[in-house]
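Enquirer: Listed below are the residues making up each chain.
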Amino acid sequence: MKQFSLLSRRVAALFLTPGAILVGLFILLPFFWVIFVSFTNRTLLGRTALNPEFVGLQNYVRLFDPATFFTRGQFGSSLIITTEFVLLSALVGQALLGLLLAWLMQAIRPGLKRFVEAMVIGAWILPEVVIGFAWFAFLDYDNGTLNMILRGLGLPPGDFLLQQPFWVIVIFNTWRGAAFSMMLFNSAFASIPPSYFQAADVAGASSWQKFRDIALPLIRGHVVTDLILITMWTFNVFTPFLLTHGGPAYRTELLSIYNYRVAFRDFEFGKGAAVGVIIMLINLVLALIYLSIGRRKSKAEKEAAT
Amino acid sequence: MSGGAFLSRIGFSVLAALLGVLFALPLIWFIFAPFNARAEMGLALPDPWTLSNFVTVFQNAFAVRALFNSLIQSVGGVILIGAAATLAAYALSRSTIPGKSAVTYVLLLFSSVVSGSAAMVPIFLIISAMGLIDTQLAVILVFAGGLLPTAMFILRDFIDGIPKSYEESAMVAGASPLQAFFDVALPVIRPGIVVIVVWAFVNIWGSFLIPFILLRSSEQMPASVAIYSFYSEAGTPIVTLLAAYALIYSLPVVLLYLFVSWRFGFRFFGGIKA
Amino acid sequence: MASVVFENVTKTFGSFTAVAGVDLSIGDGEFVCLLGPSGCGKTTSLRMIAGLETPSSGKIFIGDQDVTGLHPKDRQISMVFQDYALYPHMNLADNIAYPLKVRGESVEKRHGRAREVADVLKIGTLLNRLPSQISGGQQQRTSLARALVYPSRVYLFDEPLSNLDAKLRLEARGFLNHLQRDMGMTAVYVTHDQAEAMALATRIAVMDQGRIVQYAPPIEIYRRPATTFVANFVGNPPMNLVPVEAAHGDGQLLLSADGLALGGLPMSSGVATALQASKALTLGIRPEHLTVAAPGAANAIAGKLFANENMGPESLVTIERADGSRVTARVFTDDHIELGTDVTLGFSLEHVHLFDSTGARIPADGEMPL
Chain A
3 MKQFSLLSRR VAALFLTPGA ILVGLFILLP FFWVIFVSFT NRTLLGRTAL NPEFVGLQNY
63 VRLFDPATFF TRGQFGSSLI ITTEFVLLSA LVGQALLGLL LAWLMQAIRP GLKRFVEAMV
123 IGAWILPEVV IGFAWFAFLD YDNGTLNMIL RGLGLPPGDF LLQQPFWVIV IFNTWRGAAF
183 SMMLFNSAFA SIPPSYFQAA DVAGASSWQK FRDIALPLIR GHVVTDLILI TMWTFNVFTP
243 FLLTHGGPAY RTELLSIYNY RVAFRDFEFG KGAAVGVIIM LINLVLALIY LSIGRRKSKA
303 EKEAAT
Chain B
59 MSGGAFLSRI GFSVLAALLG VLFALPLIWF IFAPFNARAE MGLALPDPWT LSNFVTVFQN
119 AFAVRALFNS LIQSVGGVIL IGAAATLAAY ALSRSTIPGK SAVTYVLLLF SSVVSGSAAM
179 VPIFLIISAM GLIDTQLAVI LVFAGGLLPT AMFILRDFID GIPKSYEESA MVAGASPLQA
239 FFDVALPVIR PGIVVIVVWA FVNIWGSFLI PFILLRSSEQ MPASVAIYSF YSEAGTPIVT
299 LLAAYALIYS LPVVLLYLFV SWRFGFRFFG GIKA
Chain C
40 MASVVFENVT KTFGSFTAVA GVDLSIGDGE FVCLLGPSGC GKTTSLRMIA GLETPSSGKI
100 FIGDQDVTGL HPKDRQISMV FQDYALYPHM NLADNIAYPL KVRGESVEKR HGRAREVADV
160 LKIGTLLNRL PSQISGGQQQ RTSLARALVY PSRVYLFDEP LSNLDAKLRL EARGFLNHLQ
220 RDMGMTAVYV THDQAEAMAL ATRIAVMDQG RIVQYAPPIE IYRRPATTFV ANFVGNPPMN
280 LVPVEAAHGD GQLLLSADGL ALGGLPMSSG VATALQASKA LTLGIRPEHL TVAAPGAANA
340 IAGKLFANEN MGPESLVTIE RADGSRVTAR VFTDDHIELG TDVTLGFSLE HVHLFDSTGA
400 RIPADGEMPL
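Residue numbers (my numbering), protein chains in the order written: chain A, 3 to 308; chain B, 59 to 332; chain C, 40 to 409.
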């Protein structure tokens, strides 16, 4: 007997087809293909473009070669730079700054709150090329706004892009992404019943105590979620390229930028694919952690509700 | 309010204001430079305020064409994503296909793992194999595929929240499943589709890496790559052109953000339900 | 209008059996209520008449037509949903007229008809509003209007009044009663509210765990419940059920329980059969058939006062027996009774119900077998 359902299986399959094709071609296929290419010595030009040979783990071996691992401009160096970058600009920078901003937003009057939010969110939503250029102008040694202010305050100006490029991109990325953490913590704080804080006020708690003893424990789950998400995003971010192109001398060459250079400047697709696979593995680990935490949280919520 | 609380409130306000200003600093330049016919990298008050830079932009065929390309890519991508995601999300929500929720989560997992940064090589190879290198279509397709899982996830969640009794009552009243879908379900899903469309538009409009990899000739470049080439090419960038152009390029994003937060509050930006 | 027949209908969801081999026959023009607690299979049964669920086995007929595999749109039925299912993007006129739109009627015709029905239901002035702009009661009537706007053979109702507050519910109930009798519509109505079923139905099908336990006119259900389940479910406050030990002597039935004083009951064939299985029977007596009696009365049950709730028109006097079980009486007294006082509740034998050890009713001699 034909079962009734709101959407028959035949029509449902039809509905799913366009999406399935797109996802299959541009997410699933690349996933498998990048793994495959990483085992070849394929390049864009020359002999190995038309006839790439299977080389097994050679690409990976070369990437992790202890002799070159820490050399500037090699994979190991890029991996280290990227890890430091993520730790500093995401975990320390964006999360802490976002937390601080969200906490401040609770305590200031609405007009000021709207102004600060607008600025922070503006940094996040503007297209990446625009803000890359904005910072380019901002940091200009001769006329840039930053040096103008420093000179005005009597401080020495600096050619930051040339001399402290790593710190530039750390601060840049913190500035760029803090909005997300701020909004996440904002909504986390908003979900705490105000009576909790009022009770603390009555008991004479200071702001820091209220933050440490009430707010922080209650939003712990959100903190973890936030950290994992921004870690994933920062790990894959390409935007600093627009500011420093990975230089000078590979000092800001994040994994994504290194991947780009290897594949599209050096035309070594096989090696680039290997880098891509490694990035995907790291993403996978982070994504699985995120999913397992999410499932654990919803299971706990379900148990609490019964 | 006690004295101590008053002081700490002032302290907070000062700190918040300071942070606000710090965040605004790199962008202040944009308030002045586009309207300054003699704009340079430095911060300077326009004297006089003028719109001549914008005129220059619109006289630059390359720049205008690039904006147009951005529009084609964004609108094309958005149409594709909107249609595909709505159909797929509806099917996932309303049908009895086994393993539906597993499929959604697996897809979401894949889409976050297979990022642009990780998959640039195979995406290039796939597009080459399809003969689509240096076409707008390539960018549209790649983005449609990449953004689809998140769009489907958000929409499916949204559709799950719509009572099935809507379509059921329509069918009891005599509607076929397709009639019920178009008359009753689709209009109610529309707000969710709007959110998806805006989110996808902003993503594609602002993207740099994918068009950078997939497009070769300058006629195909979208505005993002155009701006990049303006200031990264050897020699001094034409700041007046750049400033005005960047402002024009940013405008749709800012307007859309204002529109969404006016209509819906800030819930879906970033693909995450905040 | 048409009849509805279930022929050995079963519906399973995985390992869960929602409806177990149900036979049901609803006559043309009848108002049948499917009554029972959550999960008893009443809503599933209703949805199978509508075609929103397909039976796992068995057949369903509307009129003479086997509709078992038919899509809802081909069954010529109307349905009012519990959440009203009003389309939020359409105004009331479009909502009500939708079934006619689907049938290809012109705009004037269908809006004219919508107005007709809306006027009857007293929502004619609201036709330009959106569902979000009207009250719950008006939404309910809009939903009803949409069901009435086109010709149907059977009208299905899925707990349509449960989202209304008490006063509105009574009004709507009276209106539905009037409407059905006036139109002669075949109506199948799902509810868990026994008062609603009693007020509206020509016959009630009491369901439990996927089966129909009793299918009879309301007064029959009330006066001669087929099982302790039915006895307990219908009637407010529910029937008092007292476990008793049975013995027979001198051709009489003797029942004993703590605090129970009961003269001998006539032995009937039904009782004799029941006793062969077990001597543990259940005695049932409705609260309105108990009165406050003097201690030592002939047919009475005694205990200590547990609660005395004066409701206005009557009082509910509840006593607690030695074993902790309680018996409630509906009496007309404003007397104050001290908590813990010994109270005797008397009754007359004609109001006594007997159930065997399985909970099935033991019919008295001469009573029609159920």
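To be clear, the hints were calculated from the coordinates, so they are not data collected in a lab. Careful: at least some of the hints might be erroneous.
Said to hold, decoys possible - Among chain B residues calculated to face chain A with C-beta under 8 Å, some are:
(1) Arg67
(2) Trp87
(3) Ser175
(4) Gly203
(5) Gly219
(6) Pro235
(7) Ile285
Unchecked claim - To give an idea of the interface, some chain A residues facing chain B are shown, with a C-beta separation under 7 Å as derived from the structure:
(8) Leu8
(9) Ala265
(10) Ala289
These numbers were taken from a predicted model, which means no experiment stands behind them. Backbone N, C-alpha and C define an ideal beta-carbon position, used for all residues, glycine too.
Enquirer: Going through the numbered hints above, which ones does this structure break? Give me the numbers in ascending order.
Expert: Of the numbered hints given earlier, the structure breaks just one, which is hint 5.
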